[in-house]
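Novice: Sequence:
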Amino acid sequence: RSLAATMEFHATKMLVGFLALCSVAQVALGAAAAAPAASQPKQANLPTRMVLGALGGMGGSSVCHPLDVIRVQMQVDTAGLYKNPLDAAVKIVQRNGFVSGLYTG
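Going letter by letter, the sequence shown gives residues 2 to 106 in the working numbering.
Wrong hints could be hidden among the right ones.
Straight-line C-alpha distance at most 20 Å; calculated DMTMM-like pairs for lysine to aspartate or glutamate [what the hints assert, rightly or not]:
hint, residue 1, residue 2
1, Lys84, Glu9
2, Lys84, Asp69
3, Lys92, Asp69
4, Lys14, Asp69
5, Lys92, Asp78
These are computed hints drawn from the structure, not numbers from a lab.
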């Protein structure tokens with residue numbers, strides 16, 4: 002149960018981070034960044050790539066942190082309080098609030 006949940010979390014975080022990076026890059030560099038190989042895409046310099054990578058990472062973390070909180074709460078639940086991840090999310094938010102429940106460390 003815990004290994005599968007951990008693998009799902011990391012796969013989701015990488016996917017969301019990549020999608021956030023692509024979205025931010027497309028907005029920052031214009032439509033040329035997503036153009037086919039036939040036209041030369043606009044190349045970003047190193048500082049721009051660093052900022053875009055940081056924004057993509059923040060996007061991935063802000064979306065995936067609540068998933069990690071839910072995963073950990075389910076792993077340490079010895080009383081059988083949670084039936085599934087959605088049930089865990091609802092109960093955590095009801096008990097602690099949205100920000101306090103899902104975004105505390």
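Novice: Please go over all the hints and tell whether each is borne out by the structure.
Specialist: Each hint, compared with the structure:
Simply put, Lys84 and Glu9 have alpha-carbon atoms about 18 Å apart, close enough for the 20 Å limit, and the pair holds. For the proposed pair Lys84 and Asp69, the alpha carbon gap of about 16 Å is at most 20 Å, so the pair holds. The hinted pair formed by Lys92 and Asp69 meets the criterion: a straight-line CA distance of about 15 Å does not exceed 20 Å. With a C-alpha separation of about 10 Å, the suggested pair Lys14 and Asp69 falls inside the 20 Å cut-off, and the hint holds.
A threshold of 20 Å between alpha carbons decides the hint, and for Lys92 with Asp78 the separation of about 12 Å falls inside it, so the pair holds.
Checked against the numbered hints given earlier, this structure breaks none of them.
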